[in-house]
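Student: Spelled out from the first residue to the last, the chains are:
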Amino acid sequence: MRLMVEARNLRKTYKRHDGSTIEAVKGVDLEIRQGEIFSLLGPNGAGKTTTISMISGLVEPTEGDASIGGFSITKQPMDAKRLMGFVPQEIALYPDLSARQNLAFFGRMYGLAGKTLSRRVDELVEFVDLSDRQNDRIDTFSGGMKRRINLAAGLLNSPPLIYMDEPTVGIDPQSRRRILDTVKLLREEEGMTVLYTTHLMEEAQELSDRVGIMDHGEIIAMGTQAELTQQVGEEDRLEFTIGAQEVAEALLERIQQETVGVTRILHNPPEQLSDESSESTPSRLTVFAKRGRTALPQIIQNLDAAGVEIQSVAVREPDLEAVFLALTGRALRD
Amino acid sequence: MRKILVFASKELYTAFRDRNLMLLMFATPLVLSTIIGLAFGGIGGNGDSELPDFADIPVAVVNLDEGVDTQEVITLPDQFANLDALPFDPGDLASAFNQAGLGPDQLSQDGTTLNFGDQLAAILLSQPVEGTGTTTTEGFDLAELGCSLLDESETIGPSSLAAGGTLDDLLDATSVDSADQARAAVDNGDFAAAVIIPPGFSRRIMPHFAFDGDLRLRTQPPGEDGAVEVYANNGRPISARILHSLVAGIVNQFVRVSVAIGATLETSVNTLASSILRGDIDLSTVDLPASVAALQELDATVLEPLGCLITPGANNITVAQPPLEHIQEAPRFARTIVPIGASQAVFFALFTGVFGIHSIYEERKYWTLQRLIVSPTPRIFLLAGKLLGNLVTVFLQILILLAALTLIASVVIGQPTLIWGTNFAAIIIVTLALALCVSGLGVFVVGLAKTPEQVNLFGPMINISLAVLGGAFGFALPEQAARFSLIYWGVDAFMQLANAQTDVAVNLLVLFGQGILLFLVGAWLFKRRLDL
Ligand SMILES: Nc1ncnc2c1ncn2[C@@H]1O[C@H](COP(=O)(O)OP(=O)(O)OP(=O)(O)O)[C@@H](O)[C@H]1O
Ligand SMILES: [Mg+2]
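Chains U and V, in that order, give the protein sequences.
Just so you know, my numbering puts 191 at position 191 of the first sequence, and the rest follows in order with no gaps.
Just so you know, my numbering puts 1412 at position 412 of the second sequence, and the rest follows in order with no gaps.
Errors might be hidden in some of the hints.
[Said to hold, decoys possible] For the chain V half of the interface with chain U, some residues (derived, Cβ under 10 Å), not all of them: (1) L1012; (2) T1174; (3) S1375.
[Said to hold, decoys possible] Here are the computed lysine-lysine pairs in the BS3-like style, where the Cα-Cα straight-line distance is at most 25 Å: (4) V:K1450 / U:K115; (5) U:K75 / V:K1450; (6) V:K1003 / U:K15; (7) V:K1365 / V:K1450; (8) V:K1450 / U:K15; (9) V:K1527 / U:K184; (10) V:K1003 / U:K115.
None of these hints come from the bench; they were simulated from the model.
Just so it is clear, the structure is predicted and the values come from calculations on it, not from any experiment.
Glycine included, every Cβ here is placed at the ideal spot set by N, Cα and C.
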């Protein structure tokens, strides 16, 4: 299978204004195969955008290199860039130009001109279903509409490879749905290779052939979804939301020992919202258990007996969230 | 390469469709210039009849006249061509004159020269006028010869112009040594005109005599040489015309004197000669000293009517002035709006320069810069496109402001007036040089500043300093200081062009030099802004 993107030992160290340095990406190896949807899943600040920036030629890697379709991004940047489309996390459009003007301008910067250009712009506004608004200024668009034009702008050069950096951030469910469907469509109909970053487990789960899980500048796990979930075994995850109260360590130990199938319990204590506020978020109790539904009644009983107020319970089968949790001890959303 | 143009035209497009920017770029400078222009220039249409309007016309005076040695005029053998025909020995006459104290001996002893050029120059320079002929001889002082029938003021030019003001008020005359120097200074606009008194001026005015076939003394027509030249600045036709009539008035005055002398001599000598010829006078009995004494008594005032009656036919003055045709001296409002409008245009262009380049930070914030960098476009193209776009925007801004000011001036004056002059090619080149400078400064400031906040702080500070130095705020600083400001050079160039001068080479050199330097250093510094 041909590799579309091949990154070796990518490292990026940023200098802060105060002179200190921050290692945003710490030696990432990445292989994205032609025609696949690859997701980079990780929480805020994991280094997803920095990674994409390096393999798109936006920022120079402090160390390492990446090749795109065989062209080194540092040594043959023009050849490499011709192969890729880019949908940045931000709305990278001129707010005071119309959607069409934006697309036409960026199209020209990709070397399109004349009829080819106007035909491509027509296709794309049609594709993201905004033909009727194409002559309106971007700053009159809703968030979802901006996102769609932002995506269209990444497709102007009909690239075989597209990078999409959190393309669904800050939009309504319908718009998100459209975008997810679009990504699948691009791969199915155009055979495009997609690198998709997100901090939402559901999106990675729905779209990806393979997933790289990122945290603190490193890829901590990579593979197909099945391969990854196998890493955490067959365990279900029982998630309890409990009142803002102290839970004795002894109680948790007793539950783990007495209940059949329970392997591990994580307790996330309540977070104080602010210093003055007495209100706090409910704390969360995550119990890993084989055959979780069987174990559930006994756990509830134990908690009840100890006077723990249970607000909600959810049973989750093994998923990427569980993988992340297992690897980092933290939930993806935190 | 095409992408540079694509990017540049995007810059241009976004600049010209931003309403707030348009307001800053165009409305503000136009309103400001118009208000200041009206306040200082007045609405008055032509205003060329008002004296204050034409006070202190700068004039260069070049006096090359070497004067006339009186001996040349009076020494008979030279002067009277067919002297041999005289039935008496001129030597006797000469010695008789000498005895009377009015002969060639006295005159040559004095080494007296008549210099009308000195007189003319002194009048123009408002210096005390000395006697026309500085002889020590009594009774024949040429300075006394005048025409009392003429209005006093007419002796210095058209009375209407001098009314209420002395010549000193009207002219701001400076003595200049060489004619070429003076012409160059006029071309520069330093002077409205130059009065060039050529060598031989006095000789031309001084009558020359010869006897004709009938042995009658005739005044010879003046030669071709010796006409005064008024070299005028094309852009100031009215000033030039005033000066021309002024000089003509003075010269005519000299000519009247000259003609009077000629006529007197002619009459006297001819009467004398015919008496001798008819035998009425026996030369041996003539008491020459007595005759001479009688001649001596001839008072200049006797000749006055003659001086007044004879209008000089000789063209004593030429005006070397390019054809004026439709060009008129700029009305007051136009002359006020040119420096004000030009400085305001450049001042506001400075902001376009800095903030146009500063928009790179905006492109970064909106991630459009990132999108461009990810496209297969070399960064150097992005840099070039940005700079080119800014340069063209600034260029068009200044040009449009010049055009708009022309319109405003035309409306205020009440007739179409090309306030910037008619040398459109030069106007465009000066504008281009300014745009290069202004845009280069923008690149330099943004390149030098470490953060967008620094640009916001230092950009306006630098612009305002340049405006103060360059006199854009209505008060002028010493020229040595002003020369540090590109506004000074730009405004100076525009004023020269408005005065129909083409000598803006130094201005262009300064502006282009400064612009290219700022651009190169600025671009080198600015390159970093494209790195993320
Ligand atoms: N230009 C920069 N200068 C300094 N630090 C930076 C810069 N860009 C990113 N960082 C830091 O690098 C780390 C990784 O940031 P990055 O944007 O790659 O994360 P991310 O995974 O994309 O996060 P998110 O989901 O919030 O977009 C963060 O700690 C961030 O503060
Ligand atoms: Mg990101």
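Student: Against this structure, judge whether each hint is valid.
Tutor: Taking the hints in turn, this is what the structure says about them:
no. : hint              : verdict
1   : L1012             : violated, 12 Å
2   : T1174             : violated, 57 Å
3   : S1375             : holds, 5 Å
4   : V:K1450 / U:K115  : violated, 43 Å
5   : U:K75 / V:K1450   : violated, 29 Å
6   : V:K1003 / U:K15   : violated, 32 Å
7   : V:K1365 / V:K1450 : holds, 16 Å
8   : V:K1450 / U:K15   : holds, 15 Å
9   : V:K1527 / U:K184  : violated, 39 Å
10  : V:K1003 / U:K115  : holds, 17 Å
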